[in-house]
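Go ahead and model the full structure; you've got the sequences and the hints to work with.
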Amino acid sequence: MSGAERRMSDTEALMWRLEKDPYLASTFANITILDRPPDMDLLYARMERTSVLFPRLRRRVQLAPGNIGNPSWADDPGFDIRHHVRQMALPAPGSMRQLQDLVTLLIADPFDRSRPLWQFIVIDGLEGGRSAMVLKLHHTVTDGEGGVELSLQYLDLEREPGPLPAIDPEILNAVNNVKEPDATDALRGAMSDSLRIPLAVLKQVRDVLANPSVLGEIGSSTSATVRSLVAQLSESDAARSPLWTERSLRRRLEVARVPYTEMRTVSKMLGGTLNTAFVTAAAHAAGRYHDQMGAPVESLRASMAISTRTSASEGNAFSLVRMLVPTSPMGITDRFEAINEILTAARGGGASNALEAIATVSTVMPTSVITRLARSQAETVDFATSNVRGAGIPLYVAGAKLLANYPIGPLGGVAFNMTLLSYMGSLDVGINIDEAAVESPELLRESLELAFSEIVSLAPAQETAPDVPPPPPPPAAPRRRWFRRSR
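Residue numbers (my numbering): 1487 to 1973.
In short, the hints are calculated from the structure, not lab data.
By construction, the Cβ of each residue, glycine as well, lies at the ideal position given by its N, Cα and C atoms.
Take every hint as true, because none was put in to throw you off.
Across the chosen pairs, the derived CB separations fall in these ranges:
no.: 1; residue 1: 1925; residue 2: 1819; range: 22 to 32 Å
no.: 2; residue 1: 1646; residue 2: 1819; range: 45 to 55 Å
no.: 3; residue 1: 1596; residue 2: 1925; range: 24 to 34 Å
no.: 4; residue 1: 1819; residue 2: 1660; range: 48 to 58 Å
no.: 5; residue 1: 1855; residue 2: 1649; range: 51 to 61 Å
no.: 6; residue 1: 1660; residue 2: 1946; range: 49 to 59 Å
no.: 7; residue 1: 1646; residue 2: 1581; range: 24 to 34 Å
no.: 8; residue 1: 1819; residue 2: 1553; range: 49 to 59 Å
no.: 9; residue 1: 1858; residue 2: 1734; range: 15 to 25 Å
Structural data, given as structure tokens:
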């Protein structure tokens, strides 16, 4: 692999640098509920194999010489799978609340930056003889959809699969012959990073931030880039919630499940997508929360992650958009229609390209300035949403069947993050909450469940799925792509 391929992208480097401020930590996780404890020996072996096929799992972050340019991924000569795959148990009775509280602590525990940035934690003792598996991953390694593609390497389509195909000997040889990073290549890469941004663009960004009135004077060839950057960096409108004003490092996890078939049917019936329904439910819940707390609000600002992943994408491939969503009292169909228009405008407005441009400019700015800007931007957003594609067929890991998958997105300085992942006829929702911002996490979860129920109630009777989904047809091939887009 070339030095260029080992260097972080600008977006990944930005997320790495932002962690100087713990409020902006980008660790995300997934809580997988299993029908029984997995076979740990099988899991160790499978994750060892996965780390060979997904090289970033065996690599640690190496800073650029003199901190000039983006960090790189360097092979960890002391890589030990048992440091990354661990096992523990819940005390009796092993409730979901106990599990969620434990996972909150596990996610908050910082990674050892001298090692690869991931962990698999098996948690036994969940009531009903079940177990849980927590994937904890730093966002620089990959994004949510990349995490789903990573899982292709360790999940099976049956409880006792046959032998796996042999790994290419060249790949194994590269893993078994780890070399120290070449200092010359690292320095060359750092210098090339620092020279990628035209000085004229940097000067224009500086001038416009200092005096926005000069925006109309810049040349048309760079005006679109600069305008997009300035719009993102100079946003000063505060978040709209009168309640969610405080921030802390105290976290609370809540989860919810929603029937996939009805949500998808209603989304199409109303002329939108599953993502429209998800954001509608989040806005509906946020509005109800404020009403119940005696502080009604007309609108709130939400951020939404948008995948930019293609077949050639590696690592992270996403961008962010921000939008005001209506939260005043209104019918669920009216809110759906309004949010569908907002999402359509947000996707087509060019804002989704701004993250990459901001990340590129940030490579030549001091970390203290970048973290200050990021915190100020986070203060303009009330809550974050993300929707990740998932699987529609039963999956297994080390002999245990997956029953549910609850994604836990990073907060990044907002009041809460609500992330959705589809699996086996359900939409599994993880809500990561800042306890200083949201006084009653239970009320927020209940409001979300009520919002989903309102949407589901619109489904025609014949579209209602049975309580237990019928078994899927047998897969055509043992390693086919099983995930689907949940939009």
